[in-house]
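K.L.:
Given the coordinates of chain Y, work out where chain R should sit on it, guided by the hints.
These protein sequences, in sequence, are chains Y and R. Throughout the first sequence, residue numbering follows this note's numbering, covering 11 to 151 in sequence. Throughout the second sequence, residue numbering follows this note's numbering, covering 398 to 574 in sequence.
Covered stretches of chain R (in silico footprint by chain Y; criterion: 3 or more residues with CB under 8 Å from a CB of chain Y, positions within the stretch not fixed):
no.: 1; region: 424-435
no.: 2; region: 445-458
no.: 3; region: 467-474
no.: 4; region: 506-513
no.: 5; region: 516-522
Read the hints as simulated data drawn from the structure, not as lab findings. Glycine included, each C-beta is placed from N, C-alpha and C at the ideal position.
One-letter residues, chain by chain:
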Amino acid sequence: MTLYWQDVEDGSEIPEFARTTTLMNWNRWASVNDEFVPMHMDDDDARANGQQAAFGEGPLRYSYLHSALREWIGDDGDIVFVNAQYRGINYKGDILTVSGRVTGKREENGRHLVDVDLAITNQRGEAVTPGNATVALPSRG
Amino acid sequence: MTSEGGTYITAEVEAYIGTESPPLVSPPVSESEIRRFAMAAYWPEVPPRRFWDAEYAKSTRFGGIVAPDEFNPFGWMVGRAHIGPQPTHIDEAQGELEEARNLRPPGAPERYLYAGSSSEYHAPIRPGDVITSILKFSEVYERQGGLGLMLFYVVEERMTNQNGELVRVFRTNNILY
Numbered sequence: 011m012t013l014y015w016q017d018v019e020d021g022s023e024i025p026e027f028a029r030t031t032t033l034m035n036w037n038r039w040a041s042v043n044d045e046f047v048p049m050h051m052d053d054d055d056a057r058a059n060g061q062q063a064a065f066g067e068g069p070l071r072y073s074y075l076h077s078a079l080r081e082w083i084g085d086d087g088d089i090v091f092v093n094a095q096y097r098g099i100n101y102k103g104d105i106l107t108v109s110g111r112v113t114g115k116r117e118e119n120g121r122h123l124v125d126v127d128l129a130i131t132n133q134r135g136e137a138v139t140p141g142n143a144t145v146a147l148p149s150r151g
Numbered sequence: 398m399t400s401e402g403g404t405y406i407t408a409e410v411e412a413y414i415g416t417e418s419p420p421l422v423s424p425p426v427s428e429s430e431i432r433r434f435a436m437a438a439y440w441p442e443v444p445p446r447r448f449w450d451a452e453y454a455k456s457t458r459f460g461g462i463v464a465p466d467e468f469n470p471f472g473w474m475v476g477r478a479h480i481g482p483q484p485t486h487i488d489e490a491q492g493e494l495e496e497a498r499n500l501r502p503p504g505a506p507e508r509y510l511y512a513g514s515s516s517e518y519h520a521p522i523r524p525g526d527v528i529t530s531i532l533k534f535s536e537v538y539e540r541q542g543g544l545g546l547m548l549f550y551v552v553e554e555r556m557t558n559q560n561g562e563l564v565r566v567f568r569t570n571n572i573l574y
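One chain only, chain Y, in its complex shape:
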């Protein structure tokens, strides 16, 4: 179903996107992003580097922000811009939930744009990846 620019309300929330993250996600990600870093695969290596245990890759969280936007805008919308800051650590079993709120709508160079504030929050309520994005949506008529 197409999401039109006119149907998005300022201040509205985008649908949540959640993943329970373990080595099953991280190792697959390491393979496709060529990101074979021992700290993301091996608890002993992570501890030797001052972390509690192996932890997930930042770029996978960045990808989750994109996936949340795509689930919201569907095949007919485009991601124009995504920005994220990496804060907390993502340990095994963490449930990462992407949420987003529309902060503005504008027209620029003939495109119908929507600005969104984004956050990834874990099951402890910690905001591990604040961010923001802009998407372009089709316009009615």
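P.N.:
Just chain R now, with coordinates in the frame of chain Y:
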């Protein structure tokens, strides 16, 4: 160690602004690597069909499969992108490649934090595309923080396709302290 005057931004660092990496050119992107990337990114749920179902993708405005916006066309590049004589071991080639693409300000402290990233998206990546990436050391500044004097720098990556179209501008925000 900071230079006299308590700054990491020496004349040498100033002169480093604008330094570019050698171009990295991908092999032609395949449908299969797009499918695998999407499956890994969405695991354990099914990714959008336009990333893996060619019949369905034909019916979309793209007219065929496209890659997820954040798709990395530069995985497993060793053997294609070596610099200098061909190494005998893949891990050596990987190390050389990473070193050649690692733009760090000269004389800066060693401890590193990956603070964040941003992307501007332009032309989508499709099967058959050959993507060129050039990195640029684009910006540097410093701040006092909880970890003492910290040097912030931005590396800007520009990806273009075989038609010279801009695909993506990816900026990483990095901290040395």
